Amino acid sequence: MIRIMGMEEKHIRQMAVLLAKRHERERKIFNFLPERFEEIDDAEEVLRNVLKRPYINGIVAVREIDVIGYLLYEFKEDARHGRYVWMDYESIAISEHEHPRLLRLLYANAGAEWIKHGYFQHMLMAPLGDEKVIDQWLDQSFAFDQKYGILSLNDFEPKNGTVPKLEFRKGSKEDSPLLKKMAMWNSIHQSTAPSWLPITRETLENVKESYEALAEDQAAYLWLADQGNRIAGFHVYFQKEERLSLVIPEKCVELPAASTNPELRGRGVGRALANHCFGEMKNQGFGYIYADWRTANQLASYFWPKMGFQPIMVRMTRQVDPRIAWAHGEE
Numbered sequence: 001m002i003r004i005m006g007m008e009e010k011h012i013r014q015m016a017v018l019l020a021k022r023h024e025r026e027r028k029i030f031n032f033l034p035e036r037f038e039e040i041d042d043a044e045e046v047l048r049n050v051l052k053r054p055y056i057n058g059i060v061a062v063r064e065i066d067v068i069g070y071l072l073y074e075f076k077e078d079a080r081h082g083r084y085v086w087m088d089y090e091s092i093a094i095s096e097h098e099h100p101r102l103l104r105l106l107y108a109n110a111g112a113e114w115i116k117h118g119y120f121q122h123m124l125m126a127p128l129g130d131e132k133v134i135d136q137w138l139d140q141s142f143a144f145d146q147k148y149g150i151l152s153l154n155d156f157e158p159k160n161g162t163v164p165k166l167e168f169r170k171g172s173k174e175d176s177p178l179l180k181k182m183a184m185w186n187s188i189h190q191s192t193a194p195s196w197l198p199i200t201r202e203t204l205e206n207v208k209e210s211y212e213a214l215a216e217d218q219a220a221y222l223w224l225a226d227q228g229n230r231i232a233g234f235h236v237y238f239q240k241e242e243r244l245s246l247v248i249p250e251k252c253v254e255l256p257a258a259s260t261n262p263e264l265r266g267r268g269v270g271r272a273l274a275n276h277c278f279g280e281m282k283n284q285g286f287g288y289i290y291a292d293w294r295t296a297n298q299l300a301s302y303f304w305p306k307m308g309f310q311p312i313m314v315r316m317t318r319q320v321d322p323r324i325a326w327a328h329g330e331e
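The opening residue of the sequence shown carries number 1 in our numbering; numbering runs sequentially from there.
One should not assume that every hint holds.
With a Cα cut of at most 20 Å, we get these calculated PhoX-like pairs of lysine-lysine [said to hold, decoys possible]:
1. Lys-282 / Lys-306
2. Lys-282 / Lys-170
3. Lys-208 / Lys-173
4. Lys-208 / Lys-181
5. Lys-306 / Lys-159
6. Lys-76 / Lys-52
7. Lys-240 / Lys-282
8. Lys-116 / Lys-76
None of these hints come from the bench; they were simulated from the model. This structure is a prediction, so every number in the text was calculated from the model and none was measured.
Full structure from sequences and hints, please.
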């Protein structure tokens, strides 16, 4: 018999065992993930760090005296999503000897309280190493929203194809106006079919300001490509160091923004720019690149895996019909 109960201090060590075992299984598929989190002590440190967050809570599934699964969740609120519940990458694990359906049992038990308190938007970060686990979330009406991938520069070979006449250069302060202009490229593309991600004028202004600031950010690795007298595209990278991340390898950089001039798309500019930048980052001594893309973004979800990025985790979302708060069919 399985009991679902509130999480207590005595459960954390057993939860760490489950997380370490889950990570071990993930590393059999993605061997570049940090090895140290296969150790129970390191997995426990990750969990205890999550449990320091102010609005965190959790439940465990127990058979006799053994924890066989757990679910940690965080209550959040922001302008984009409103009120929602967030489950991070390390927030869910079950025993490999249990049926993946145990995830549904944990979610149903915790989710009943979320709905009662008006949290209808549910979001989670799911590891992609186990298709059966992903299927459980899909069957529970969650949907893919954003994928996160890793490119190994040790194995990277430039992708062949048409090579456009481009000049590559590092960005400088003088490029601020160009970056502000390029900020619109991705935002406008994301609002078109089939992504349909709305962007307000206020949000667009914030994006423009953040792109402008890249030109003076000393921590940024910024490259631009010119074709004649017009800008063809850009990439920006930042060193990615997260000591307690289960997904970030050592010597890793993040690619948070990249874009190609819409007038030049489909001509090999994106591939040529990526080939150049990946080579530059390898020369800088980095071994991996971390990137993410919206799954509904047709161009990005095709391009980055084609360039060698392996999807390792996915953000999944579910929006529960808020009418459930009052519509129970009762007379």
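### Proposed proximity, Lys-52 with Lys-76 (alpha carbon, max 20 Å)
holds, 15 Å
### Message
Next pair to validate is Lys-240 with Lys-282; report whether the Cα-Cα distance is within 20 Å.
### Response
Judged against 20 Å, a Cα distance of about 14 Å means the pair holds.
### Query
Lys-282 and Lys-306: Cα distance at most 20 Å?
OK: Lys-282 and Lys-306 at ~19 Å, within 20 Å.
### Query
Under the criterion that the straight-line Cα-Cα distance not exceed 20 Å, is the pair Lys-282, Lys-170 satisfied?
holds, 16 Å
### Message
Between the alpha carbons of Lys-116 and Lys-76, is the straight-line distance 20 Å or under?
### Response
holds, 16 Å
### Task
Assess, step by step, whether the Cα of Lys-208 is no farther than 20 Å from the Cα of Lys-181, and give holds or violated.
holds, 8 Å
#### Entry: Given hint Lys-173 paired with Lys-208 - CA-CA distance at most 20 Å
holds, 15 Å
### Query
Is the straight-line distance between the alpha-carbon of Lys-306 and that of Lys-159 20 Å or less?
Holds - the C-alpha atoms of Lys-159 and Lys-306 are around 9 Å apart, at most 20 Å.
In summary, the structure agrees with every hint in the numbered list given earlier.
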